[in-house]
Amino acid sequence: MSIHSSLIPPSASSTSKETFLNAGTGGSPRVERSAGMFSGQSMLGGVLVIDDEPDVRRVIRLTLEKAGYYIVEAEDGEQAIQVINEGEHPMVLDVILTDIRMPRINGLEAMTYFQREYPNVPLIVLTGYPDLAMAIRLLNCGITDYLVKPVEHEKLLSAVADALAQRKFHWF
Amino acid sequence: METSKSLSPTDSLSPSFPEKSVWPSVSHNNDHHTATPNTPQASHQANKASASITPEDPLRIALSLNHPKGLHALSLFEQIPGIEIVGNATQQISDQEPAREQEWQDPLASPSTLSFSQTSPHVLLNFTGSSYPQALEEHSQLANPEIPGPYTSSLLKKIVEHKSLLERQMTQIEKLANIGTLACEIMHDINNPLYVILGFSENLLEEHHSMAVRDQALEVVQATKRIIKICEELKFYVRQSEPKECTPVNLTQQLEEAMKVARYAVGLENITIIRAYSAHPIILARPEEIVQIFVNLIINALQAMDGRGTLTLEADCTDRMATINIGDTGPGIPQEHMRKIFEPFYTTKPPGKGTGLGLHSVRSLIQQYGGKILIQSVVDEGTTFHLEFPLSPESVPGRNA
Chain A
0 MSIHSSLIPP SASSTSKETF LNAGTGGSPR VERSAGMFSG QSMLGGVLVI
50 DDEPDVRRVI RLTLEKAGYY IVEAEDGEQA IQVINEGEHP MVLDVILTDI
100 RMPRINGLEA MTYFQREYPN VPLIVLTGYP DLAMAIRLLN CGITDYLVKP
150 VEHEKLLSAV ADALAQRKFH WF
Chain B
0 METSKSLSPT DSLSPSFPEK SVWPSVSHNN DHHTATPNTP QASHQANKAS
50 ASITPEDPLR IALSLNHPKG LHALSLFEQI PGIEIVGNAT QQISDQEPAR
100 EQEWQDPLAS PSTLSFSQTS PHVLLNFTGS SYPQALEEHS QLANPEIPGP
150 YTSSLLKKIV EHKSLLERQM TQIEKLANIG TLACEIMHDI NNPLYVILGF
200 SENLLEEHHS MAVRDQALEV VQATKRIIKI CEELKFYVRQ SEPKECTPVN
250 LTQQLEEAMK VARYAVGLEN ITIIRAYSAH PIILARPEEI VQIFVNLIIN
300 ALQAMDGRGT LTLEADCTDR MATINIGDTG PGIPQEHMRK IFEPFYTTKP
350 PGKGTGLGLH SVRSLIQQYG GKILIQSVVD EGTTFHLEFP LSPESVPGRN
400 A
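These protein sequence lines are chains A and B, in that order.
With numbering that gives the first Met the number 0 applied, the first sequence corresponds to residues 0 to 171, in that order.
With numbering that gives the first Met the number 0 applied, the second sequence corresponds to residues 0 to 400, in that order.
Chain A extracted, bound-state conformation:
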């Protein structure tokens, strides 16, 4: 899925190192973008990415934005809650993609919060420590998917797409 620059205003609060604007060749440009002011209309959906490692967030953003998703980042559960409630981004929260081992509020606590506050939003866990017992427990608690790093981009994309499909289904 490509991102056409004509729909996107120049980013006012660029946080990435370099922002590339495509001149509109009509091809399928691959660009890396910062979280600017998206309207979200041409997007597939909004994904909240929670992980304490900035590199990992950057890779996830690269993968998902390329595919047409709108990304909001947070480095832990506490910040995630803040970002959703008070953030400047007009957030349409369709999928939450989170790690579970983080210093301040860990992902498990944040998940309980999200399941309570946003019960229709699918949760995908993406973790660096594969724990079968934990995975089963979480899936029984109602998370949508459990992925283990390193995850190939096809797998990540299909998990997010599936979760989104479920969400659209649930709205009815």
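Keep in mind that the hints are not guaranteed to be accurate.
[To be verified] With a straight-line Cα cutoff of 16 Å, these simulated EDC-like cross-link-like pairs (lysine to aspartate or glutamate) come out:
#1 B:224 to A:161
#2 A:154 to B:201
#3 B:259 to B:231
#4 B:371 to B:315
#5 B:224 to B:188
#6 B:259 to B:201
Simulated from the structure, these hints should not be mistaken for laboratory data.
Since we're looking at a predicted model, the values are computed, not measured.
Following the hints, position chain B against chain A.
Then chain B, alone, in the frame of chain A:
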């Protein structure tokens, strides 16, 4: 020389093994349990011996060393705390049995060297399987040492060897148990950079903008280096096929290495670390063992503080000893636990969280180096572990600049 013969049970010259030998009646614990002696004389010896042994009194042993097994036993006994070797006797044994017979009867005629320290031994251990030690006893007028025979000596040696083997195995088990605790964090720390590498590489296959290519390739390189660093920090856990030789080891350097590993087990965000290195002592040791001692104690300290408190690392030395202190501001160790904490399998942690082997293996490692470990603890204030190691001859106790 008739080494095998000297241990033969049919040796006519071997004593009165059933008559004069006495099973050792002393133990290292408080209970003085006495095995049944065989003769009135033996009984007298046993009672006399047990009466004089207290737990704090080291067991004094004299060995007759004129046999390779005796030398080996000497090296093993030297490692056991609570045993003091007070003398040894060597004798050259001729090849001729009749001559030997004569020597037994007249120890004065034999070209033997006999040396005893001021204190007389409790037990005279005989590794030659002969009656020689009895003759020695009579000659030197020792204060009735117990004299086990060849089989007892063999048994003792086997027990000591087996205990040494068990100690080494325990140390290895403890290392493996540590790995279980650390594996979780290690996997997380390796899988994260791996994902960064995978993700950017997948994108690089299709990336055309040269700046973006360079940018992302750099991320791949940095993530790879992070993984390399993790593997390097853990290399001391690599199992050595044979124990390496001792080399000069800088103790403060090992404290820092241990800190790197310990942070995998317990997060350091809310821990204040105080380093007071008055000296950087150097001892002769195997670095992986020293690091293991420090990792155990530091992780214990961090876990005791439950992630919040002050960890104090001190290093100093006198002209003879290197001293290391590892202190925490945790709940402290109550008096009733103090005597037990070095026991194997003693732990206050919930099942699955601790093996109980840590302090035991720490102490046995320290003892192998001729060192000491002491604890100072105040309930609700904290605990400090005080370690001492004999300095290596070449060490330069430099003062911290």
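Quick rundown of the hints versus the structure:
no.: 1; hint: B:224 to A:161; result: violated, 35 Å
no.: 2; hint: A:154 to B:201; result: holds, 12 Å
no.: 3; hint: B:259 to B:231; result: holds, 11 Å
no.: 4; hint: B:371 to B:315; result: holds, 15 Å
no.: 5; hint: B:224 to B:188; result: holds, 12 Å
no.: 6; hint: B:259 to B:201; result: violated, 32 Å
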